[in-house]
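Visitor: Each protein sequence line maps, in turn, to chains Z and W. For what it's worth, this note's numbering labels the leading residue of the first sequence as 1, then goes sequentially. For what it's worth, this note's numbering labels the leading residue of the second sequence as 1, then goes sequentially.
Rather than coming from a laboratory, the hints here were simulated on the basis of the structure. Here a beta-carbon is modelled for each residue, glycine too, at the ideal position from N, C-alpha and C. A hint or two may mislead.
[What the hints assert, rightly or not] Some chain Z residues close to chain W (C-beta under 10 angstroms, calculated; not the full set): (1) L25; (2) P28; (3) L66; (4) T81; (5) L83.
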Amino acid sequence: MIIDETPDAGAQKLFIPALAPLYALAAPLSYALIRVTMGLMFLPSGIDKMFLGGNARIAAGNLTALGLSNVVAWSWAVAATELFGAIFLILGLFTRFGAFSLVVLLFVITFGVQMKSGFLWSPRGFEVGLLMMLLCIAICFGGGGRFSLDRRIGREF
Amino acid sequence: MSDDDVQMRKYLPWMVWSYRWVELYAFALMRLFSGATFFIHGYARLFTDNPTFGFNPLVEWLTPVGVGAIELVGGALLVLGLLTRPASLVLAGLWFLFTLGATPVGKQHWLMLGAFDHYPAMLFLLSIAFLMRGGGRYSLDRRIGREF
């Protein structure tokens, strides 16, 4: 038995029974929607850091502020993690590996970078990194789910 | 039961211990984390001196108290998995307004901005996912046996 995706028509009495066919269609997609959403959250940052010079920006900015040596190498590591992590999550390929890489990255972002701005997202606080990290941890637990390349291939981490 | 029962071969079989015992709870944890985030938003809007964080012209008509009440109650319901679908529907509507009203910064396209600018869209899509799924296996909805 894997994560909770089976549309359990009949297990649950509905207040509006007419909606049952709609739920049977939509419910199995919900886990995949969250997985793809998390991937899409990283895709623009990954493309920016990999191809549009964003890695030089974080090397001079946040990574230096973290006190790392060899910031250029770290900036490429961040760019690769975000780009490939995003692609893996969107496709559901090597899902647990991709999600875990992003958890490590988000741990540093949350507690190393965003923490000093407070909690709320509007003054760029750490709730953004924290919620994304927790959701990626949940994806590490659940894996790719029914609509993933992992499942199609039949192997997963 | 169905195709959720498939057995997957593992690349690293010795890693299975790290998630086998929590695998079933993955979706419930997502609901819990998201609900807690909404709840804290609501608390911050109602009980702290920063009630209008993230506001834009499209949500101003709801007032900070209205938005705070929606997020506090909706977040609590999501955490419990009680009335999951109605709560998600209202939260999705609210964060749709937050997403639409987010002002683009500079000349860069909205979609190419960073995670902070996509965060309202992320919360909107999360709400849509809980609207699609309902409470799921570990929720009060399931315990009660009836849901919307």
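Visitor: Against each hint, give a clear statement of whether it holds in the structure.
Guide: Hints, one by one, checked against the model:
1. Because the closest C-beta pair between L25 (chain Z) and chain W is about 9 angstroms apart, less than 10 angstroms, the hint holds.
2. Checking P28 (chain Z) against chain W by beta carbon gives a least distance of about 9 angstroms; that is within 10 angstroms, so the hint holds.
3. The restraint placing L66 (chain Z) at the interface with chain W is violated, with a minimum CB-CB distance near 17 angstroms, outside the 10 angstroms limit.
4. Annotation: interface hint on T81 (chain Z) violated; nearest CB of chain W at approximately 14 angstroms, more than 10 angstroms.
5. Given hint, L83 (chain Z) at the interface with chain W, is violated; its Cβ is 14 angstroms from that chain's nearest Cβ, farther than 10 angstroms.
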